[in-house]
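Colleague: Here is how the chains run, residue by residue.
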Amino acid sequence: MSINVNISHREDFPLLRDSNIVYLDNAATSQKPDCVIEAVEEFYHKHNANPLRGFYELAMLATEQLENSRTTVKEFINAKFEEEVIFTKGTTESINLIANSYGMNFLGEGDEILISIMEHHCNILPWQFVASKTGAVLKYLECDMDGLISDTAIEEAITDKTKIVAITQLSNVLGRENPIARITKTAHEHGAIVVMDAAQSVVHVKIDVQALDVDFMAFSGHKIMSPMGIGILYGKKELLNKMPPFLRGGEMIESVTRTDAVFAQLPYKFEAGTDNASGAVGLMAAINYINSIGMEYMHERTLMLTKMCFDAICKIPHIHIIGAKDSNNHNGIISFTIDNVHPHDVSQILSESNVCVRAGHHCAQPLCDFLGFKSCTRASFMFYNTQEDIDTFIKSLSGIRKMMGYGD
Amino acid sequence: METSNFYNEILTEHNIRPYHKHDMPDATFSLNGVNPSCGDDITLKLKVVDDVIEDASFIGDGCAISQASADIMADMVIGRSKEEALRLAEMFIRMIKGSVTNEEIDELEEAGALKDISHMPARVKCAVLGWHTLQEIFEKNEDANT
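Residue numbers (the numbering used here), protein chains in the order written: chain R, 1 to 408; chain V, 1 to 146.
There could be a bad hint or two in this list.
As the list claims (entries may be wrong) - Here are the simulated SDA-like pairs of lysine to any residue, each with C-alpha atoms no more than 25 Å apart in a straight line:
id	chain 1	residue 1	chain 2	residue 2
1	V	K115	R	M403
2	R	K325	R	T392
3	V	K97	R	F55
4	V	K125	R	G360
5	R	K374	V	D41
6	V	K125	R	Q365
7	V	K125	V	I93
8	V	K115	R	E352
To be verified - Using C-beta positions, here's what the derived DEER-type ranges look like:
id	chain 1	residue 1	chain 2	residue 2	range
9	V	S30	R	M228	54 to 60 Å
10	R	G407	V	H119	28 to 34 Å
11	V	R94	R	N291	54 to 60 Å
12	V	E107	R	A153	56 to 62 Å
13	V	H22	R	A153	53 to 59 Å
14	R	N291	V	I16	48 to 54 Å
15	R	K237	V	H119	28 to 34 Å
16	R	H121	V	E107	39 to 45 Å
17	R	D18	V	N8	31 to 37 Å
18	R	E82	V	R94	56 to 62 Å
19	V	E90	R	S8	50 to 56 Å
20	V	D61	R	G135	34 to 40 Å
These aren't lab readings, by the way, just hints derived from the structure by calculation.
Computed from a prediction, not measured in an experiment: that's the story for all the values here.
In this text, a Cβ means the ideal position worked out from N, Cα and C, and glycines have one as well.
Sequences and hints are given; from them, build the entire structure.
Modeller: This is the structure in structure tokens:
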């Protein structure tokens, strides 16, 4: 696919269109295109009622919007059944749901939970909790300094004691894609289930839950241009069916007596309370937008921008990129350190040129410890970034050490 | 507020070549101060004799603002009484919150170079880390016989 760097997609995004912001914090959250903002507005203008309740026209319209979104997501991730798609408020809630409903009920003393060293805290803390309550043991699958998880590491780490493997498809610090299909195969041979955190990958990799054969998958809408506060949990139907509800209350029941309740069928068993229907509608619009642009095109363009930036950074002295040496393994994420300049100072100086980057430990402290740094600066790209964005970033980046009083 | 003006020579000098960033084996007080959200981590050491700060130093790491601010503070409190040091701490924190007079900024000497932090809410914690740790040492040891 040939990508023309001069074609700009900024015009689709009001925040970018109407400003000179150089937005390079896409791994934290993406900007929202007009079509998503308009879809949310239209829901409140024309379809607002409590979905899944009420027998009047408006309530049925709201329900239809919510269910249309579910169908759109099902197709987007290639799930087998619509009821395998559960709306949550984001990746964090999705993983907490799995940990609380599956982990707390199907794990016991001596069972092992395997997570990778590059997990975001949202895929660490729920498992630390499950381990502490059930007596299960939390183990770590380690990568090399380039972020690669080898076949040998996978074979050695997954044993018959392993019950859950929870792993990110794409590290939010390294940008490296993990060999999920390989991990799933080995895990299943040992009778373990696989939970895939797709928060970071969903915008870069075409997710096919059936091809990957993952048992659970979670992502947040806001990283793929939908509103904040809407996310997805995918789970295989046979697993979801045997799990108890996570949250209890309205909308997740068939009937309730003074002492007991019969829970609703999937997916509603896991959607207690009023769904974020406007968020779901926004998510549907975002997926439609992605489909209209083309996932492959978006990714190719992101890789091209990543490479341009990667090559330019490599020419600046005293800057060290974290992870793979090949920019194609970075998937839009370049984390780096600058000798003797703290990432918060880097971020503040870049901010003067309207460049937005993330500084800190990126909610992945175990990875930072493992790779031997306390914090770093991260620039992350999406297809709507431009060559000008990179030029502005690199120009500002090049002057930082001098501004901080160093001679070079 | 332009950052290029903000990272002035006083700040960068104290960050790159701190005078008081070293251990102090005969310290009478030592306290760790941390900003968990951003990773600034210092341990402040004081040698206090008869309520007078005879020496002050710090170790640790963090952003330029946290390091320079701690170094400037150490410079300022050496030779002062506990009460004077606490008065400066209170004044410095007020400066960072944006409610201080020009006379007070003058009295804060080099620490006055950090006054523009009052326009940078994200960096307030970095600037006050050393001073907060100083306050905490004296609050925790109010009854200590020094």
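Colleague: Could you work out which earlier hints the structure fails to respect and list their numbers in ascending sequence?
Modeller: Numbers 3, 9, 13, 15, in rising order.
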